[in-house]
Amino acid sequence: MGVLVVIASLALSLAFGGRPTSFEELVHAVFAPDGSVADIAIRELRWPRTLNALAVGTCVGVAGCLAQGQTRNPIADPGLLGIYPGAALAIVAGSLLPGAAGMSTYAQAGFAFAGAVTACALVIAVGSATRHGATPLTLVLAGAAVSALAGGVVSLIVLSSDAALDTLRFWQMGSVAARGALLPQLVPLIIVGLVLAVANIGPLNALALGDDTARSLGVSVARARILGLAALAVLAAASVTLAGPLAFAGLLVPHAVRGLVGADYRWQIPGSALFGASLLLLTDTAGRVIARPGELPVGVVLAVVGAPFFIYLARRRRLVTL
Amino acid sequence: MSGAPGLLAPGSRVIRVRTASLVLLPRIAWLSLAALVLLLAAVAGHLMLAGRPVQLSQVLAAFMDDPALPRAVRLTVLEFRLPRTIAGAVAGACLAVAGGLTQTIARNPLATPEVLGVTAGASTGAVAVLVLAGAGHGGASGLAAAVGMPVASAVGALGTGTAVFLLTYRRAQQGFDSMRLVLVGLGAAGLASSTTIWLLTLGDVTNASQAITWMMGSLNGKDWGAVVPALLASVPLLAVAGACGRWLLISAFDDDTARSLGLPLGRSRPLLLVLAVLLAAVGTVLAGPVAFVALLCPLAARFAGRTVVPSLGLTALLGAAFVVLSDLIAGFLLPHALPVGVFTTVLGAPVLIALVFRSQKRTI
Amino acid sequence: MTTATQPAPRDDTALLSAHGLTLGFDGRTVVPSLDVAFARGTVTSVIGPNGCGKSTLLRGLGRLLRPQAGRVALDGGDLAGMSSRATAQRMSILPQTPHAPSGLTVGELVARGRHPRQRWYQQFSHSDEGAIADALAATDIADLAATPLEDLSGGQRQRAWISMILAQETELMLLDEPTTYLDLAHQVDVLELVRRLNQDMGRTVVMVLHDISLAARYSDVIIAMRDGRIVAEGPPSDVITPELLWEVFGLRAEVIQEPTEGRPHVVPLGAGSVKSAAAPGMRAGLQVMSEADA
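Protein chains in written order, with my numbering: chain U, 1 to 322; chain X, 1001 to 1364; chain B, 2001 to 2294.
These are computed hints drawn from the structure, not numbers from a lab.
Predicted model, so just to flag it, every value in this text is computed and none were measured.
For glycine and all other residues, C-beta sits at the position ideal for the given N, C-alpha and C.
Heads up, some of the hints might be wrong.
Far from chain X, by Cβ distances over 12 Å, these chain B residues were calculated [what the hints assert, rightly or not]:
no., residue
1, Ser2033
2, Ala2039
3, Arg2059
4, Ile2093
5, Pro2101
6, Ser2125
7, Gly2154
8, Gly2234
9, Pro2242
10, Glu2243
11, Gly2250
12, Ile2256
13, Glu2261
14, Pro2268
If the Cβ cut is set under 7 Å, some of the chain U residues that face chain X in the computed set are [what the hints assert, rightly or not]:
no., residue
15, Val126
16, Leu156
17, Phe170
18, Met173
19, Ala177
20, Ile311
Start from the sequences and build out the full structure, keeping to the hints where you can.
So, in structure tokens, the structure goes:
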């Protein structure tokens, strides 16, 4: 059923844009394109954007699920490993380079990816450097520390450079439009991340019972944690590269999915992928429809729609514990 | 005086006078004294070095109302520097104590007032005024900046705090569920900060820069007009928080145990929470959301004091000293003046990492 | 201050009583309109299968759960009208899974039991010190006072918690499964302690127990519950019968007299079918606490 929702969302995303498109035009563009204006709008503008939203949604959803599962902390989000400030730091630092005035989206995405991966590596290194290796607590604290440090340096840079600030303020509004430059290059990585996440399902179910119980169930806790963190790092870094910061989606999706399918990660991980993809496709489409002929970035729509929904979830349910 | 090995926090002393008895933690007392000395040193340093250097003797003379002191020096110390110093101390103490309260109530070291949406709401209010009123003028100034921003940020902070409070409250649950509180707060904070980020993209870049400075937490240009109301609000709030210290000890248990020990949870938790929201609002309206004060100072007080629940007095002193000292260094001693929040962040992050390494045995 | 608006029929022996007590969560009723009284100076054990509402009853009696209807009276006074502090001076409760802030030592934990009797100007009186020392001695953990709670074995930790509510020095003690996590020797230890508290110090005890034979051995009154209702109530020898065990637990068993005191002792023969629902929500071993799923 989740798959059907995704397909429907996909169709909606193709059908609605800055300018209304008829169903015939949509079919025409998909099956028999001949270069009409509608064809170009759909194939050249909406199709890449839709694919990007699909990829980002999947990554963010699964990353959020992994973040919460690995730390057994329901307030964890994909930003756990410091990817957002890390990417932001790389981007503002990049904008200071000579000749960066018209930085291409391609270069920006490259900076974002490099920054996100560096931050992840740093957080995992710091969080694992204690005698007992990485525990949920040390990871969360290391993530908070590295995030804050990178965030502080970002502020420092943008306060001294209006150009950097201009780059940052538009980038930090998460959006799936015109950010998908690196999508083709990232697809293999995303697939690796998803495979790692699926491989992490069994260990996650065991880890949910506590490290000791997991060990007694024959799970290598250290390996399970590294596997999960690697998957989280890859997916989160991909999502921030392709859309900028969408931490709230990563927080919301696992909660909504747990409400639908329960605590078993065999359902939670695929559920988060499908739910995340649908959510991003729908909110991105909504952002295009609401503010015609302009558009609202998906980050704004997510917050406006997602926050009340999240609060509703938190209020209504007796929470599924982690 | 008698020792009570193991029954109280290590090193405690009990002082009894007739039926009255007080538990004294020498470690906390010493640490508080050290924090107080640090605070006074930071204040003195601030008054001397914030700008053109002034001798310590001249600072003291200004306080003594010495007629021999040049008017300009007197004016500098008492009218320009002192308000800013006090603003730093008040904001630091308020934010730190607010953090101590929320961390303990929510039983989560990361549950700072930011998580409750208070600071995010304050930022949204302030940035809205900056961007909407300042558009086209190259930045908000005059009335909009002097009155509009504090009022808007106060409205934002209290509005968000109240909303989170009301949305969390459920009668059937006999009050508040800590996890629900944190989740609702996160939702509200997410909405507020996304709005802020969106607002930032609306105005021109000068407005955005001003907004970023505010959002980092800054004590620039604080005068008596801003400090006096905050001081008047913070003193009773801090006093009430101090009086609730014994409740806080029991709040750290699970709800059933706390209730069976006679803690009126239905009253104590809302009260502590309202206190935390108000303190965070006062601190944020005064100085912006100075990063790390609310997270770090209570944790530092707990680790250094080796107590299970942070001593609020020590937390407040640490917060005040931290902010005043950071502002002195960031604003005046560095080659390039920075908002205090940038500095607390850069200083705070390594400390947090150090805490990670120390948290081997004692989980937070 | 503590007088009930509507004085209950004063029963000199009943220390704690419930009248039409209805308990539940989120609109779901677990214990429907229940009347029960606990006599002063007795040890009462509540037994019943998992999910029968015995812990809920205990939490309702201990004002940890607000009644949906009905009232609880402590010594004739309505519990709802008493302050938390006044209640905590007369009644202590050991919850099923208590949670202490990390880093707390055993001594500090037990000292927290004195909270209801302390004020800001009386933080640690001689009587506090005495009560804590007595409580530590009674539970035989005085030498562990400076040890952090996390470093204890399950049995020691349970004794530390019991020690805490002992330090509360209340005439009434409610214990929710005080013997969980304990080996048989320590179970007997705890129950011997309960008996001493009852016989030597006149404490009234109400506890939830899983082991029927131990309940029979150490209680004056047994209350058997099923589906939120009291099925039988009385002295162990009257209540513990093969018929009742079948009716309440779906357990085929023979009841013999144990040799020391002639109390009933259960010899299980085999479970028929577990009649009452098992603990809800234990799916795939994960603690799913969602009931809004449907």
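Structure-based check of each hint:
{"no.": "1", "hint": "Ser2033", "in the structure": "19 Å, holds"}
{"no.": "2", "hint": "Ala2039", "in the structure": "22 Å, holds"}
{"no.": "3", "hint": "Arg2059", "in the structure": "7 Å, violated"}
{"no.": "4", "hint": "Ile2093", "in the structure": "4 Å, violated"}
{"no.": "5", "hint": "Pro2101", "in the structure": "4 Å, violated"}
{"no.": "6", "hint": "Ser2125", "in the structure": "5 Å, violated"}
{"no.": "7", "hint": "Gly2154", "in the structure": "17 Å, holds"}
{"no.": "8", "hint": "Gly2234", "in the structure": "28 Å, holds"}
{"no.": "9", "hint": "Pro2242", "in the structure": "36 Å, holds"}
{"no.": "10", "hint": "Glu2243", "in the structure": "35 Å, holds"}
{"no.": "11", "hint": "Gly2250", "in the structure": "30 Å, holds"}
{"no.": "12", "hint": "Ile2256", "in the structure": "37 Å, holds"}
{"no.": "13", "hint": "Glu2261", "in the structure": "32 Å, holds"}
{"no.": "14", "hint": "Pro2268", "in the structure": "32 Å, holds"}
{"no.": "15", "hint": "Val126", "in the structure": "6 Å, holds"}
{"no.": "16", "hint": "Leu156", "in the structure": "5 Å, holds"}
{"no.": "17", "hint": "Phe170", "in the structure": "6 Å, holds"}
{"no.": "18", "hint": "Met173", "in the structure": "5 Å, holds"}
{"no.": "19", "hint": "Ala177", "in the structure": "14 Å, violated"}
{"no.": "20", "hint": "Ile311", "in the structure": "4 Å, holds"}
In summary, the structure is inconsistent with hints 3, 4, 5, 6, 19 from the numbered list given earlier, while agreeing with the others.
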